[in-house]
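Student: The residues making up each chain are set out below.
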Amino acid sequence: MKIPLRTAALIAACLPLAGLSIGQNATQVGPNNTELSPAKTTAIVGGKLLTVTHGTIENGVVVMSGGKIIAVGPAASTKVPSGALVFDAKGMTVYPGLFDAETHLGLTEVAADANSNDLAEPSDEIMPHMHVYDAFHAETVHIPVARLNGVTNAIVAPDSEDSVAGQDSAIQLYGRDRDAMILARDVALAMNFEGGVRRRANYDGPAKFPTTRMGLASQIRQAFLDAQNYEAERAAAAKPDHKGPPPKRDLKLEALLPYLKGEKPVVLSAYQSYEVEVAMGIAKEFHLKVILNHLTHAQDILDEIASYHVPVIVGPIYDAPSPDQRYDAVYSLPAELQKRGVKIAFSSLGGSGDVRNLPYAAGYAVAYGLPYDEALKAITLNPAEMFGFGDSLGSLDVGKTANVVVANGDPLDVRTAVQQVFIDGAMVPMVSRQTQLRDQYMPLTGAAPKQ
Amino acid sequence: MLPVASAERRWTTLFLALAFLLPPGLLAQAPENSSPADVVIKNATVMTVTHGTIEHGSIWLHNGKIAGVGASVDTPAGATVIDASGKYVTPGIIDPHSHSALGNDINEATSPVTPSMMMIDAFDNSDKALYQALAGGVTTELLLHGSANMIGGQAVVIKNKFGLSRDAMLFPNAPRSIKFASGENPKRVYGRRNELPSTRMGNFEVMRQAFEDAKAYMATWDAYNAKVAKGDKDAVAPKKDLKLEALADVLRGKLYVQIHCYRADEFLTEEAIAKEYGYKVRAFHHALEMYKVGDRIAPTGTGIATFADWWGFKDEAWDAIPWNAVMSMREGVRVALKSDSNDYVRRLNQEAGKMVHYGGATEDEALRMITLNPAWIIGVDDRVGSLDTGKDADVVIWNTDPLSTYARVEKVYIDGDLFFDSSLPGLGTTHFHGVMHEAGFGGADDEEEDGQ
Numbered sequence: 080m081k082i083p084l085r086t087a088a089l090i091a092a093c094l095p096l097a098g099l100s101i102g103q104n105a106t107q108v109g110p111n112n113t114e115l116s117p118a119k120t121t122a123i124v125g126g127k128l129l130t131v132t133h134g135t136i137e138n139g140v141v142v143m144s145g146g147k148i149i150a151v152g153p154a155a156s157t158k159v160p161s162g163a164l165v166f167d168a169k170g171m172t173v174y175p176g177l178f179d180a181e182t183h184l185g186l187t188e189v190a191a192d193a194n195s196n197d198l199a200e201p202s203d204e205i206m207p208h209m210h211v212y213d214a215f216h217a218e219t220v221h222i223p224v225a226r227l228n229g230v231t232n233a234i235v236a237p238d239s240e241d242s243v244a245g246q247d248s249a250i251q252l253y254g255r256d257r258d259a260m261i262l263a264r265d266v267a268l269a270m271n272f273e274g275g276v277r278r279r280a281n282y283d284g285p286a287k288f289p290t291t292r293m294g295l296a297s298q299i300r301q302a303f304l305d306a307q308n309y310e311a312e313r314a315a316a317a318k319p320d321h322k323g324p325p326p327k328r329d330l331k332l333e334a335l336l337p338y339l340k341g342e343k344p345v346v347l348s349a350y351q352s353y354e355v356e357v358a359m360g361i362a363k364e365f366h367l368k369v370i371l372n373h374l375t376h377a378q379d380i381l382d383e384i385a386s387y388h389v390p391v392i393v394g395p396i397y398d399a400p401s402p403d404q405r406y407d408a409v410y411s412l413p414a415e416l417q418k419r420g421v422k423i424a425f426s427s428l429g430g431s432g433d434v435r436n437l438p439y440a441a442g443y444a445v446a447y448g449l450p451y452d453e454a455l456k457a458i459t460l461n462p463a464e465m466f467g468f469g470d471s472l473g474s475l476d477v478g479k480t481a482n483v484v485v486a487n488g489d490p491l492d493v494r495t496a497v498q499q500v501f502i503d504g505a506m507v508p509m510v511s512r513q514t515q516l517r518d519q520y521m522p523l524t525g526a527a528p529k530q
Numbered sequence: 274m275l276p277v278a279s280a281e282r283r284w285t286t287l288f289l290a291l292a293f294l295l296p297p298g299l300l301a302q303a304p305e306n307s308s309p310a311d312v313v314i315k316n317a318t319v320m321t322v323t324h325g326t327i328e329h330g331s332i333w334l335h336n337g338k339i340a341g342v343g344a345s346v347d348t349p350a351g352a353t354v355i356d357a358s359g360k361y362v363t364p365g366i367i368d369p370h371s372h373s374a375l376g377n378d379i380n381e382a383t384s385p386v387t388p389s390m391m392m393i394d395a396f397d398n399s400d401k402a403l404y405q406a407l408a409g410g411v412t413t414e415l416l417l418h419g420s421a422n423m424i425g426g427q428a429v430v431i432k433n434k435f436g437l438s439r440d441a442m443l444f445p446n447a448p449r450s451i452k453f454a455s456g457e458n459p460k461r462v463y464g465r466r467n468e469l470p471s472t473r474m475g476n477f478e479v480m481r482q483a484f485e486d487a488k489a490y491m492a493t494w495d496a497y498n499a500k501v502a503k504g505d506k507d508a509v510a511p512k513k514d515l516k517l518e519a520l521a522d523v524l525r526g527k528l529y530v531q532i533h534c535y536r537a538d539e540f541l542t543e544e545a546i547a548k549e550y551g552y553k554v555r556a557f558h559h560a561l562e563m564y565k566v567g568d569r570i571a572p573t574g575t576g577i578a579t580f581a582d583w584w585g586f587k588d589e590a591w592d593a594i595p596w597n598a599v600m601s602m603r604e605g606v607r608v609a610l611k612s613d614s615n616d617y618v619r620r621l622n623q624e625a626g627k628m629v630h631y632g633g634a635t636e637d638e639a640l641r642m643i644t645l646n647p648a649w650i651i652g653v654d655d656r657v658g659s660l661d662t663g664k665d666a667d668v669v670i671w672n673t674d675p676l677s678t679y680a681r682v683e684k685v686y687i688d689g690d691l692f693f694d695s696s697l698p699g700l701g702t703t704h705f706h707g708v709m710h711e712a713g714f715g716g717a718d719d720e721e722e723d724g725q
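In order, the protein sequence lines correspond to chains A and B.
Counting from 80, one number per residue, gives the positions in the first sequence under the working numbering.
Counting from 274, one number per residue, gives the positions in the second sequence under the working numbering.
So here's chain B without its partners, still in its complex pose:
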């Protein structure tokens, strides 16, 4: 993990230094701690995700955390009180599969195994896609490496505090995730160059070999550590290798494995390889054929992050059906919806709404697919994803039922601080006052440009 606190101090110092030199219009970063101690939102339809929907309910945000949710809550003196009559309140939306804010640096497509790539090194906090997602109520995103490589890079988890520094946007102490891929993308990218892999056989063999390399690497370190433990002063430390270290961390269970995978047969192969090498798959991403084998994947505990109704754009998406999410859920799989797109990320609430239509999800089930379940996939469900006392105060106020087509985001709070307010003139941002950057590719890892 990065030393967040000290990095933040550095940025703040830099900011203060620059503040005197630059005209106000050029300041992209406003002061970072402007949140009021207490905000109370009253008279709303509060959709908690974990304990039902409270009509005429209230929620109290205190020092960045949720301090109370219910028919009524304490209102401390000095609290900012918002009358949300007729409005809806939900937890912030969580996108477990995004390539936003990574410019055109999504894929290091020069080798099918690149586990030491750190997406944080490409994170551009001025990308307009972050702003547009914020205006759609998205408060947490998992920014992943693309799918050109069987074993890609390590993700960064952000809170969408648009306008703050890069470091201040990192989700504190979020688990590390690594992106794997399978199927058409790796074989297309390397096959075109007449390199391995160009088939699914090649894909999986590349992966197995990588883990064999990692095991050998771990063995050299184990041997060295054993010598040191025995007091051998002449023991020579093996060379540190970033790539093998990262793979070793997969085998040590230190990285959540997030696998881009479409086809039913490949879910089964991936699970078999994970079992063979002793790691867990956290989630299959895309997972458009999970409905075919959900009953077999459910016992492994692996979740999915899937599209609501995207289909047909490539051969391995040809059997996609919009009932996939709800059917997989009924088969026992933990299901999240995700964007993989700078477009869809702006209206994941509507994607959840479609689940009522395609398979008859309850509103709670549908909302869970864009809040608590993606939080679990990222590994932060103990802190975000529902409106529960003690959780981070990441809260969205909507004009109407967020699962309807007519829903608009009115306000977004993250850690109790207001980051977006549609009633404000201009952009509606409270912390961002600079110039945004154009987004990179469409934000999807399945674009034709992928890996080129």
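So that you can see chain A by itself, here it is in the shape it has in the complex:
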């Protein structure tokens, strides 16, 4: 779609007015860039619906009320409730809010400024008791920037410095404060088995265990064994005939227990084939429920990976192939995994990833063989299911949370511009620090100043 700048600027400057019959008061920005008034029953009318679960509906209607989707279907057979606000999406594409399977949103502001980073706790490798919700900065400038491109949900994970880095939270990219934005705490355990973690190898000074992959593997095993032992001691202490004081609570070991019981997934990051095999060996030993992460250079064991029957986060596929690999070895990884029946999700972490560019990673995988519908699923329903939100997020279905995006074209194409984002059925003000700067300086281009 080609829009001359001046028109585009005008649309951008007055986005909530573009093509809709909702009053201007909907754009009032309250705390943390949220709307002041509660969401009203709203119908998105006339757009092409990409439902994810039940195909494409040309000229469809989505009705949202009370924060949920209450109706989805063709315009001919889907009633718009009387009194509902109507968003005219004629010529637009309508799809569920995007779900980024791994981000650092709210843990970092300016990468180069240490004071604004709470990415990982590097004092030890085994840090399961680090909870990202304790650092999550709901007012980060990064979140409005990401949601303006249609990302409505994300997993917030610690950085991959430790072999057990901490526990992830799931967030909604909209809400007046932290409590409104965190959907669920401790949804997964972030684990890494990769050469990069061996940072303690210091050949010029005192080294600290572990400095090798052997060391890392043995330390991880010991941690899980310690947790099993801890649980056994606590179980014994809970018996009526137990004498003496109960064992002291150990937050670190306790944090591992839900994962040892397979109640929640472990997101296990590995890059090389042999790292994947070693890490999966440990995971099997302790019956962990695994989501594999990255697999960037594991192209030679894809059949084996498929036989694990675990889902895979492929990152943004921007990590570079090794010198001996074909240029598209990583671009084609999503297609190769999906072809083997593996459930995949994209994330924006890796290479030069940025949360707002999540859909373009999925689109690039389409260029390298991933079916379009699977690519869309891998940034919506698949990550939702992997982290336990399959019933509430990831598709345009009745009863799901009303996270809906309206764009002027194909969501996976870099040329497409998102026109409006709805989260919990609320019309998100299409404002970020970046749009504010844009509007402030737009008059220099000769475009009409913002009204």
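Hints are not guaranteed to be accurate.
As the list claims (entries may be wrong) - Straight-line alpha carbon distances no greater than 20 Å define the calculated SDA-like cross-link-like pairs of lysine to any residue that follow:
no., chain 1, residue 1, chain 2, residue 2
1, B, K587, A, L516
2, A, K418, A, E383
3, B, K587, A, H216
4, B, K553, B, L541
5, A, K147, A, E464
6, A, K363, A, D305
7, A, K147, A, R255
8, B, K548, B, R569
9, B, K360, A, L516
10, B, K587, A, A193
11, B, K512, B, V501
12, B, K315, B, S696
13, B, K587, A, R512
14, A, K363, A, P326
15, B, K587, A, E383
16, B, K587, A, A191
17, B, K587, A, D197
18, B, K587, A, D238
19, B, K587, A, E188
20, B, K587, A, K119
21, B, K587, A, S195
22, A, K418, A, G467
23, B, K587, A, Y447
24, A, K327, A, K343
25, B, K587, A, D265
26, B, K587, A, K418
27, B, K587, A, T219
28, A, K343, A, G360
29, B, K360, A, Y447
None of these hints come from the bench; they were simulated from the model.
These figures come from a predicted structure and were not determined experimentally.
Following the hints, position chain B against chain A.
Tutor: What follows is chain B alone, placed relative to chain A:
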């Protein structure tokens, strides 16, 4: 300039000598002149950059040059004819800011003024980043010194003829460029050591002093030359100083000045210093705040090489907005997109595509940002950057519209010779058959390792 032709002969001789000694698998360098005299690509959507897009168009590559572009072209007998129905053809993509193929030798961070560093001395033509860029349609790159120093080293311009010798990859007779920097990187690198500069005041003062030194040096030579001209046989020549010679060449206007610079105030300071010392700034690189002062920079003629949507990674990138490129263009500035990254260099076409989204660039405007405009920044726009008769036959065939996410490079021609063909098994390279080297740092000059 290097004596390219004779160096090439030397390499060819060496190659021939080695060819008999080594098993074929170890030959990194194939014969260098295998291009057919004529290639005609037909029935494509031809995006010329300078004169619009031709549906069902054709292009004729003859002896390394573009010999015709249009609805139809001559097809000489014996020409290789490619039916490109449904495909798109563009000029080769040009990256005006790269640190690829320089290993970990990007920054000589031992002094804030190192203008005699020649990046060609670090150029590793087996770096995998070159291959991966080629597979993304990149045919010309400006390989720059890093940004640790206020005045860094002198760039090398290459054609991405991956598999050929180092000398054969040099862009013949390209203008010389020198890298300057400003802002956070120099002050961080030297400030950490408690050396000058550790502030922006220090940064610019270091630069002014360097030019004062150069002026004094030039004056001693002027005096000497005047004596010689007068026939003074006793005149003693001043000592040649590589560093001062290079700075003198900046003041003489012999070097294109390429400045790493983020903030609006610094563009203005840099232009003021350039005016004071009488040189021109060719381009600001990164230039993430150009949208704030584009109307003031436009009259100077300085261009920019910017990121499409990178932002927030450091304080001086905090006001970056993805509309910067298009807004700056509308304010009258010549805008190119660049990678500064071994990652982005592989998909600069998508970065251009984003400009349609962020500000509504036309497809021509967006494509110009990765072809003709970067060619101008490097100073080779008379030879590459558009599909025009007489220009170098650097041509990419894409499966679909290159500004879409779905675009893949199918074939890359450089000087009329096929260097990449995705339909080939293995790497898809036609001239490279050896072992690649791992790339150095991520290829960006803003990495934490920078200057250390």
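Student: All hints, please: hold or fail.
Tutor: Results of checking the hints against the structure:
1. K587/B x L516/A: OK: K587/B and L516/A at ~17 Å, within 20 Å.
2. K418/A x E383/A: holds (13 Å)
3. K587/B x H216/A: holds (18 Å)
4. K553/B x L541/B: Answer holds: K553/B to L541/B is near 13 Å, not above 20 Å.
5. K147/A x E464/A: holds (18 Å)
6. K363/A x D305/A: Distance ~17 Å between K363/A and D305/A Cα, so the pair holds.
7. K147/A x R255/A: holds (19 Å)
8. K548/B x R569/B: holds (14 Å)
9. K360/B x L516/A: Judged against 20 Å, a Cα distance of about 39 Å means the pair is violated.
10. K587/B x A193/A: holds (10 Å)
11. K512/B x V501/B: Roughly 15 Å separates the two Cα atoms, so the pair holds.
12. K315/B x S696/B: Within the cut-off at roughly 18 Å; holds.
13. K587/B x R512/A: Judged against 20 Å, a Cα distance of about 16 Å means the pair holds.
14. K363/A x P326/A: violated (28 Å)
15. K587/B x E383/A: violated (41 Å)
16. K587/B x A191/A: holds (5 Å)
17. K587/B x D197/A: holds (16 Å)
18. K587/B x D238/A: Roughly 18 Å between the alpha carbons, so the hint for K587/B and D238/A holds.
19. K587/B x E188/A: The given pair, whose Cα atoms are some 9 Å apart, holds under the 20 Å limit.
20. K587/B x K119/A: The given pair, whose Cα atoms are some 40 Å apart, is violated under the 20 Å limit.
21. K587/B x S195/A: With Cα atoms ~11 Å apart, K587/B and S195/A stay inside 20 Å; holds.
22. K418/A x G467/A: violated (24 Å)
23. K587/B x Y447/A: violated (33 Å)
24. K327/A x K343/A: Between K327/A and K343/A the Cα gap is close to 25 Å, so the pair fails against 20 Å, i.e. violated.
25. K587/B x D265/A: violated (30 Å)
26. K587/B x K418/A: Violated - the C-alpha atoms of K418/A and K587/B are around 40 Å apart, more than 20 Å.
27. K587/B x T219/A: holds (15 Å)
28. K343/A x G360/A: Measuring from Cα to Cα gives roughly 18 Å; hence the hint holds.
29. K360/B x Y447/A: Roughly 16 Å between the alpha carbons, so the hint for K360/B and Y447/A holds.
The structure shown violates the earlier hints numbered 9, 14, 15, 20, 22, 23, 24, 25 and 26.
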